[in-house]
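Colleague: Chain order of the listed sequences is A and B.
Number 16 in the working numbering belongs to position 16 of the first sequence; there are no gaps in the numbering.
Start counting at 1 in the second sequence, then tack on 344, and there's your number in the working numbering.
The set of hints was computed from the structure by calculation and includes no laboratory data.
Take these hints with a grain of salt, some might be off.
Stated by the list, open to error - Straight-line distance between alpha carbons at most 30 Å, and here's what the computed DSS-like set of lysine-lysine pairs gives:
#1 B:K641 to B:K654
#2 A:K71 to B:K477
#3 B:K641 to B:K652
#4 B:K731 to A:K13
#5 A:K272 to A:K13
#6 B:K674 to B:K609
#7 B:K382 to B:K609
#8 B:K526 to B:K477
#9 B:K609 to B:K526
#10 B:K526 to B:K511
#11 B:K511 to A:K71
#12 A:K322 to A:K200
#13 B:K609 to B:K652
#14 A:K341 to A:K272
#15 A:K71 to B:K525
#16 A:K71 to B:K654
#17 B:K609 to A:K71
#18 B:K511 to B:K525
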Amino acid sequence: MPAFELPTVDFSKPLPSRDGTRLIQFREALREAMSEEMRRDPRVFLMGEEVAEYHGAYKVSQGMLEEFGPKRIIDSPISENGFAGMAVGAAMYGLRPIIEFMSWSFSLVAADPILNNVPKMLYMSGGQWGCPVVFRGNDGAGGQLGSTHSWCVEGLYANVPGVKIVIPSNPYDAKGLLKTAIRDDDPVFFLESERMLGDKAHVPEEEYYIPFGQARVAREGDDCTLVSFGRPVNFCLEAAAELENDRISVDVLDMRTIRPLDIDSILTSLRKTNRLVVVDQCWPFASIASEVVTQVCERGFDWLDTPPVRVNTEDVPTPYAKGLEYAYLPNKDKIAAAVRKTLG
Amino acid sequence: MTQAHAPTPAPSPAKPDSPRAASRRRMAEQLPDATLIKWLRDMFLIREFENRTAQAYQQARIGGFCHLYTGQEAVAVGTINALQPDDPIVHAYRDHGHALARGMDPRACMAEMFGRASGCAKGKGGSMHMFDKPHWFFGGHGIVGAQTPLGTGLAFAAKYECEVLGKSLPNPGVLDGQPPKKKVALAFLGDGALNQGALHEAMNLAGLYSIPVIYIVENNGYSMGTAIHRGTTMAHDLMAKARAYGIEGRVIDGFDVMELYDHFKPLVDACREEQRPAFVDLKTYRYLGHSMSDPQKYRTKDEVDQFKAKDSIDCMAAYLMGERVDAAGKPSLSQDQFQEMQEEVRALVRDSVEFAENSPVPDPAELYSDVFVNPQPNLSPTAEYVKGARNPLL
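For reference, chain A alone in the conformation it holds in the complex (with noise of 0.2 Å):
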């Protein structure tokens, strides 16, 4: 086999199991992930604002100094738009870069070589260079860090064709897409939330890459249709957990990518239960839930038996105060409301 060229990942090998004891954090999950594809890839490297020896703003990366020396996991000056860009250069030359954003919300100062260069080069250069780069860091609301650092570039970025986004919502998801996210030939945009590094679930031993585009049922339910990416998911099923209570179950779909988005799982859901609620920790204007529900429409609007309802972050900036963030967050109140009044 030629220098560098690894074999084709097989998504057709059925995934392990997701009961175990084997409890590590999502951090870890996602550090086991980049691990375990820089042993394999030199071509692989990370690098980001204190990934080296502050060992990840956010431990991520802890520990991987140590393993793969500084000429690998390297720590950046405060310097999006010039270290984003020089992820650009080193993917056309043919290095597989990973990029820490801390904050997705500091990624807009790297909005000309995120949204300008990574999703256009392929297309730009007539199919000479693609840019395979997988940008990664936290992404959304939550920890009472107020309008600039509360960010869900979802909404924004999945508007521009020639990314790939994933935003899961567990370890287990989380390790899974990381690595066939460092796999991919296309750029990646791997949206984490700073709430849920620390959630900790079973992550087996044993190597696995979950596919793009295929959502997760995480619970199942006749009486409605929650989808729901990221963070949300976890309110979705607390909110499922108490509907229970009132004999209401609902299918609850993890889509874990955005970009592809497996429309055919929620309408395949949607012909059992004939209602929808879309769950999306982005505004509303024009958001994920706005495509979900549009795609819907177009496809499976016969299916609806009621019309569909989206639960987004409330349309003003993100609030300091603990009860105002709250209050702007879906959580499980205003989903568990979404469902009942598909019901009537």
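Fit chain B to the supplied structure of chain A, relying on the hints for placement.
Modeller: Chain B in isolation, oriented as in the chain A frame:
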């Protein structure tokens, strides 16, 4: 604008017999006749190519924005010829000249502007986005300054290839498993990009990590219609920008291609050897407007004429046909040979226009190709992405 605000014209070329000329031209002079004649030919090719481009643009056969390189030819030819063929290059949007100097087929370049399937980017890039992978030409980039972090990344990767990988990545011309070479990347920019944050972040990173990239400011004195001192602090001493990032800076005259080479080649060699960056204020001048739509109210005709008087092509032709003689006193290039060369180039450029004109427009299906390397279902609510046709350059 007053003459006092205009960029200072560089001194006219030294007299052939002056000791200054002898020392200045030492390095380039030692190159074989064929090399120097090729440089003259390439500069002339760019000039002719841009003339034809302007014509086609005026006839509305080329669309969009179009920025011509006329007047600056010596910069692309003098710098790019100081590189190895597998050193990476990235550029801004005034990019036809660099693509040609690097070896891009004029047909592919012209066809790209005509929006044809045979263009270097299959008609998806246009004038501002020339890409040529086999020649290590990483584009043509439309956003001012945005290409400078890319150039830094290219050089970073080349250094990583040496320091971490220990063998070459599978790039054009590379044999599998071949040991890596020390490289230098060139990141070209205009003086307008001096004020973009991207450049300053790139230079800081290059200084910090000691990345072998050379930022070449093609300082033609104007950022569109804004004279450099009206938009840039320390315009009289751009080396201040390099010093701020701990990067070696050089001011180089960009009119005499041989003098340019003499100053630039040692810098390339040093950056390659020491694997570190540099910054060059390359004084040049564009004869035409910023783009095809520029009425040039911001400068005088006199100013333009002053620069035209020391035209790099004229100077080089005069040198090869007069000053440079063999032991028998025969010049390196005869009038007839020069005439022949001009005819050859004109025919080549005419051919590129004909080729472009006769090339098919892109297949409508190409609209949906080259969006993803690895297309999969449900990436879009409306588009079905497909694998693209093979790029004509690959």
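Colleague: Indicate, hint by hint, whether the structure satisfies it.
Modeller: Structure-based check of each hint:
| no. | hint | verdict |
| --- | --- | --- |
| 1 | B:K641 to B:K654 | holds, 23 Å |
| 2 | A:K71 to B:K477 | holds, 27 Å |
| 3 | B:K641 to B:K652 | holds, 18 Å |
| 4 | B:K731 to A:K13 | holds, 25 Å |
| 5 | A:K272 to A:K13 | holds, 28 Å |
| 6 | B:K674 to B:K609 | holds, 28 Å |
| 7 | B:K382 to B:K609 | holds, 17 Å |
| 8 | B:K526 to B:K477 | holds, 19 Å |
| 9 | B:K609 to B:K526 | holds, 15 Å |
| 10 | B:K526 to B:K511 | holds, 11 Å |
| 11 | B:K511 to A:K71 | holds, 16 Å |
| 12 | A:K322 to A:K200 | holds, 24 Å |
| 13 | B:K609 to B:K652 | holds, 25 Å |
| 14 | A:K341 to A:K272 | holds, 18 Å |
| 15 | A:K71 to B:K525 | holds, 18 Å |
| 16 | A:K71 to B:K654 | violated, 48 Å |
| 17 | B:K609 to A:K71 | holds, 29 Å |
| 18 | B:K511 to B:K525 | holds, 9 Å |
Against the hints set out earlier in the document, a violation occurs for number 16 only.
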